[in-house]
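Q: Protein chains in written order, with full-length UniProt numbering: chain D, 1 to 510; chain Z, 1 to 510.
No lab work stands behind these hints, which were simulated from the structure alone.
Certain hints may be false.
Now the in silico label distances, taken between C-beta atoms and shown as ranges [unchecked claim]:
| hint | chain 1 | residue 1 | chain 2 | residue 2 | range |
| --- | --- | --- | --- | --- | --- |
| 1 | Z | LYS42 | D | GLU107 | 36 to 44 Å |
| 2 | Z | LYS29 | D | GLU33 | 20 to 28 Å |
| 3 | Z | LYS58 | D | THR301 | 31 to 39 Å |
| 4 | D | GLY320 | Z | GLU54 | 31 to 39 Å |
| 5 | Z | ASN115 | D | GLY64 | 36 to 44 Å |
| 6 | D | VAL231 | Z | GLY7 | 48 to 56 Å |
| 7 | D | PRO108 | Z | GLN37 | 38 to 46 Å |
| 8 | Z | SER342 | D | ALA233 | 27 to 35 Å |
| 9 | D | SER342 | Z | LYS129 | 46 to 54 Å |
| 10 | D | ALA233 | Z | ARG417 | 55 to 63 Å |
| 11 | Z | ASN461 | D | GLU343 | 43 to 51 Å |
| 12 | Z | ASP232 | D | GLU33 | 29 to 37 Å |
| 13 | D | GLU343 | Z | LYS29 | 37 to 45 Å |
Quick look at which bits of chain D chain Z covers, simulated, 3 or more residues with Cβ under 8 Å [said to hold, decoys possible]:
| hint | stretch |
| --- | --- |
| 14 | 21-32 |
| 15 | 35-45 |
We treat Cβ as the ideally placed atom computed from N, Cα and C, and that holds for glycine.
There are 2 protein chains.
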Amino acid sequence: MGQNKLGRDIPQEFAEQYGVFGGEFEEIKTYQEHSRQINPVKPRDTKLLGSIKEAIEKTGLKDGMTISFHHHFREGDFVMNMVMDTIAEMGIKNISIAPSSIANVHEPLIGHIKNGVVTNITSSGLRDKVGAAISEGIMENPVVIRSHGGRARAIARGDIKIDVAFLGAPSSDAYGNVNGTVGKATCGSLGYAMIDAKYAEQVVIITDYLVDYPNTPISIPQTDVDYVVEVDAIGDPDGIAKGATRFTKNPKELLIAEYASKVITKSPYFKEGFSFQTGTGGASLAVSRFMRETMIKENITADFALGGITNAMVELLEEGLVKKIIDVQDFDHPSGISLGNSENHYEIDANFYASPLSKGAAINQLDVAILSALEIDTDFNVNVITGSDGVIRGASGGHSDTSAACKMSLIISPLVRGRIPTIVEAVNTVVTPGSSVDVVVTEIGIAINPARQDLIEAFKNLDVPQYTIEELQEKAYAIVGVPDKIEYGEKTVALIEYRDGTIIDVVKNV
Amino acid sequence: MGQNKLGRDIPQEFAEQYGVFGGEFEEIKTYQEHSRQINPVKPRDTKLLGSIKEAIEKTGLKDGMTISFHHHFREGDFVMNMVMDTIAEMGIKNISIAPSSIANVHEPLIGHIKNGVVTNITSSGLRDKVGAAISEGIMENPVVIRSHGGRARAIARGDIKIDVAFLGAPSSDAYGNVNGTVGKATCGSLGYAMIDAKYAEQVVIITDYLVDYPNTPISIPQTDVDYVVEVDAIGDPDGIAKGATRFTKNPKELLIAEYASKVITKSPYFKEGFSFQTGTGGASLAVSRFMRETMIKENITADFALGGITNAMVELLEEGLVKKIIDVQDFDHPSGISLGNSENHYEIDANFYASPLSKGAAINQLDVAILSALEIDTDFNVNVITGSDGVIRGASGGHSDTSAACKMSLIISPLVRGRIPTIVEAVNTVVTPGSSVDVVVTEIGIAINPARQDLIEAFKNLDVPQYTIEELQEKAYAIVGVPDKIEYGEKTVALIEYRDGTIIDVVKNV
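Please put together the full structure from these sequences, using the hints given.
A: In structure tokens:
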């Protein structure tokens, strides 16, 4: 057992295998990019196969290999279950899966885990029943939780070696030119899938919308694709936008949003040409609305907005308040449509978005990021992965990436949720280290990280109540009491990888 | 000395180093893709440097390294000369240069070769004075002539290892997002440069048009770029379009074009959804015009047109006769503008265009290609690199790539040029093997490769005079006499690499 820089206990075997977190930029070093073996495709060769089963046979997929999927269809995804069911039927076992994330709809994974088909998982997150099952300890090997930038890094550096990527495509031609803006189940950006396509040994495109050659625009090019399979349906369009949030009317969320907006618009970063990323929660979307008013009043436009994109962002683009959107993922239909229609709405891959080991990620150019939290502790560490009961139910996403890279990160969160405090003495699980967090915004006021004396100075006259983080924690405990300690077991069920590949925390079974 | 499959003598050392040509698809084998070492760029790092000299220093460029350039500015390029002059001033020697091609404007290279700054060259072609100097034997090591697809293959497989790519950019932001459609010296597609950016160890963007972050559309992404340098001018916009051809009024060229058009429109490939590539010569452009008439008359549209793009192609796109253009290079201003404006005009890289080792190049999907020739022999071998005097003055381009991959290749050429026969007993230099050539079209009629009995059958009733290739050669000789034999020296001044990396021919000094 060793401790990392944050004092988190990391079991020896994982500490040795991955290294332990030692600071945000300690492991940013020159490296050799991973390379794939390429099977050239000759004139007259066809890539179009009759079924997923045939594709699996053609790739030579066998026990012990690693496969990947993307999560752009979110709760509407049919692809992972179709492929995993076929793999199971074919009797292939001991598969490592490396989807960019896992949704509720992937509950059948539990059966595949129990049957020995799936023995390793890496993902941004785990939801509901799959998360609960993992937290119960159904897997022998811990799930590796990776941020979106960390996953791109892991693939580019060969930490994840994908043998076969099975990538759902809203449209494709028979040679494998793919985009996400044309088709029956459009998801907009394919930013996470583009990385898999570039580095996987073999790539199988699964589509329900086959078009004439050449399909354009091209998110995944034919030069990254080995096989194409047409199926009846790759996803449920409504599921793609499921969970997408409308503007909130919750007074607490509106107050948080108003405070966050004030922090941003009174910060040194709010000037002509600034840039920002918002999340998808109710309060987060409301921040855009408040910022919009100030942008109009002060005649300030943003050079770009970034990240997972929602309709709120698209409206700012259409109004000319945001000049460009760079888009790794869309959370609703209007943003996917905008990506297809507007030349100022541009698709990027996960490496471009957030990898700490790329030749410069977009988040490095970002002024302000608005991020959410399940818990924040008095060291400003943030948990976005485990609930107050210690069960895995969230996703790492771009949280640790964006907060590390941007100039000012805001964590917005209610002080308490029901009978659960959000600001705590120590988070259950650290996903983002406190050193990346600049301002915590709650409905009763804000706390600025003392490491940011420049911001404390800049916000001296801000008309938002200010507290220390300890004061916020005490106020939270005063309302709902001291939270019960979670009784964890001895088994490590998940490793929380920091974006650089080291272990920042582990999750034990409950 | 060994002989390759075409009976060409290949000096032993080169035969051993590269292998000798053994057939179009003999060397298309699985391989490990070349990978680069990446220096990650952290938040707050800047890529913007003050001068080309500073960039050269930052990259650590030193004696013996390989650098590359792109040729999209054609005769208007300032970049290669600026960089080479700076390298020479800094006292760096023994540099290998790997530009995608070399133009007349690069004549200062001769001085750099003589001074030992440049000791190795690979290029698609050599023009005028540089070609003449190379043919005289001023270099110790032979120039390696590579096709556009062959160069992409060589870079992707690591046969060319680029230490630093110096890439001229019509527009860039300070983080290195580049396109060729915005700026002062726009060149349209950056298809050849995109490959260098992807595989070079380090990439320096040289631009005269720095824009706000993020520059879009993105042809070369920030994730492929290490440094950005702003200079006064990267190129002469007029030089970019220099040599671009207008529609011919030459009756001989019009006759060739008419015959070629008949061959195409009476072929089994001419049907709804067909595809084609034309060249940029006068006759080649005229083919488009004749084809256009038949397309309108027979109500046939093409799914796509490919290759180096000219205004002739853009007009067909705008008329709806061609549904999409996929564009690796633009030969005039209107085509660059169309790339910037039309969503059906799409930029691709050289690997996508023509590499024999990619997971499927666009040329593999091509029905008909119209190509030119300096010489064609009775084995249907084609020379596009050396003149009748044996001096290097042409370029390999996409000739051998396209003709090998498409379903029907037409070589269009006058029977004689002045006092020089075009159809000969044996070409001076083989660039494209006869096995890739289907129909030779001259102003007196056509010759179909006997290997294509299906075409001989299909064209039985074609109202174009038909000859054997030997008959065409005899008619050419009857007009201008038997050509004098060239007196070559003993020194190998150029290796003609086939697209797969083997040596198809060598050029000796004259």
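Q: Taking the hints in turn, state whether each one holds.
A: Evaluation of the provided hints:
Distance hint check for Z/LYS42 and D/GLU107: the Cβ-Cβ separation is about 40 Å, which falls inside the suggested range of 36 to 44 Å. Against the hinted window of 20 to 28 Å, the Cβ-Cβ separation of Z/LYS29 and D/GLU33 comes to about 22 Å, which satisfies the hint. Distance hint check: the CB atoms of Z/LYS58 and D/THR301 are about 34 Å apart, consistent with the given range 31 to 39 Å. Between D/GLY320 and Z/GLU54, the C-beta spacing of about 37 Å keeps the proposed range 31 to 39 Å intact.
Between Z/ASN115 and D/GLY64 the C-beta distance comes to about 57 Å, which lies outside the given range of 36 to 44 Å. Checking the proposed 48 to 56 Å range against D/VAL231 and Z/GLY7 shows it holds: the Cβ atoms sit about 51 Å from each other. A beta carbon spacing of about 41 Å between D/PRO108 and Z/GLN37 agrees with the range 38 to 46 Å that was offered as a hint. The beta-carbon spacing between Z/SER342 and D/ALA233, approximately 32 Å, falls within the hinted interval of 27 to 35 Å.
Distance hint check for D/SER342 and Z/LYS129: the Cβ-Cβ separation is about 48 Å, which falls inside the suggested range of 46 to 54 Å. Look at D/ALA233 against Z/ARG417: about 60 Å separates their beta carbons, and that is inside 55 to 63 Å. Range check, Z/ASN461 to D/GLU343: about 50 Å between beta-carbon atoms, so the 43 to 51 Å window is met. For the hinted restraint 29 to 37 Å between Z/ASP232 and D/GLU33, the CB-CB distance of approximately 34 Å keeps it satisfied.
Take D/GLU343 and Z/LYS29: their Cβ atoms lie about 41 Å apart, and the range 37 to 45 Å holds. With 6 residues carrying a beta carbon less than 8 Å from a beta carbon of chain Z, the stretch 21-32 of chain D meets the three-residue requirement, and the given coverage holds. Requiring three or more residues with a Cβ within less than 8 Å of a Cβ of chain Z, the coverage given for the stretch 35-45 of chain D holds, as 11 such residues are present.
Taken one by one, the earlier hints fail for this structure only at number 5.
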